[in-house]
Amino acid sequence: MVLFETSTSGALLDPAYLALLGKVSDEDRQRRGWYANPVRVTCRVVARFGRGTGGVLGVIRVNRGGRAPDDVRQCLVNEVLPALSRHACIGSVWLVENDPELRARMDAVRVTGHRDGSSDWAMLIEAGHDKDLAAAMHDIAEMASWRVLELGDHAAFDRYRLLYTMNQVDEG
29 MVLFETSTSG
39 ALLDPAYLAL
49 LGKVSDEDRQ
59 RRGWYANPVR
69 VTCRVVARFG
79 RGTGGVLGVI
89 RVNRGGRAPD
99 DVRQCLVNEV
109 LPALSRHACI
119 GSVWLVENDP
129 ELRARMDAVR
139 VTGHRDGSSD
149 WAMLIEAGHD
159 KDLAAAMHDI
169 AEMASWRVLE
179 LGDHAAFDRY
189 RLLYTMNQVD
199 EG
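Note that the sequence shown covers residues 29 to 200 in the numbering used here.
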C-alpha cells in the first residue's frame with residue numbers, strides 16, 4: 029500500500045505533476061507488474077481522529093453499490109468513526125472519499141493504471157497490534173447501522189502489518 033498526501037487537491041493538477049504521470053520508467057513498469065488487482069483512490073479527507081505511528085494498518089474499502097451515497101457516508105462519519113474512536117487500541121482513523129472528477133483529470137494524462145480498481149470511501153485505521161485491530165474491525169462488521177447497509181462484496185476489510193506514519197501538516 030502506498031499513500032500520498034498533498035496540501036491541496038490542486039497540487040495533483042499542477043502541470044509539473046501531471047507531466048510526471050505521462051512518463052513512466054522501465055523500473056516503474058516492472059514494479060507495476062508485481063501488483064495484483066490494484067485499487068487507486070484519488071480522494072479527499074472527510075473526517076479523522078487521532079494521530080501517530082502504529083505497527084498495523086487496517087483499511088476498510090467501501091463501494092456504495094446500489095446504496096445512496098449519503099446513507100453510506102452518514103454511517104461512516106456518524107457511526108463507524110465514533111465507534112472506532114472508543115477503542116483505546118486505535119491510534120487514528122482517517123476517512124477518505126473518492127473524488128472521481130479529480131481522478132478523471134489525472135487519468136487523462138496517465139500512462140499506466142487506467143484499469144486500476146477504485147473505491148468510493150476508505151477508512152485508514154492505525155493501531156499498535158493486529159489482534160486489537162482485528163477485534164475493532166469485527167465490531168464494525170457487527171454494528172446494526174453497518175449491517176443495515178447490506179454492502180456485502182462492496183466492502184472489504186484488510187489488515188497490513190507494516191511500520192508507517194500518518195501525518196497531517198497543520199496550516200497556520
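Check each hint, because a few of them may be wrong.
[Unchecked claim] Using C-beta positions, here's what the derived DEER-type ranges look like: (1) 176 x 54: 41 to 51 Å; (2) 38 x 158: 36 to 46 Å; (3) 113 x 186: 16 to 26 Å.
If you are wondering where the hints come from, they were derived from the structure by calculation, not from laboratory data.
We put the CB at the ideal spot given by N, CA and C, even for glycine.
Cross-check of the supplied hints:
1. 176 x 54: 41 to 51 Å: 49 Å, holds
2. 38 x 158: 36 to 46 Å: Cβ of residue 38 to Cβ of residue 158: about 37 Å, so the range 36 to 46 Å holds.
3. 113 x 186: 16 to 26 Å: 20 Å, holds
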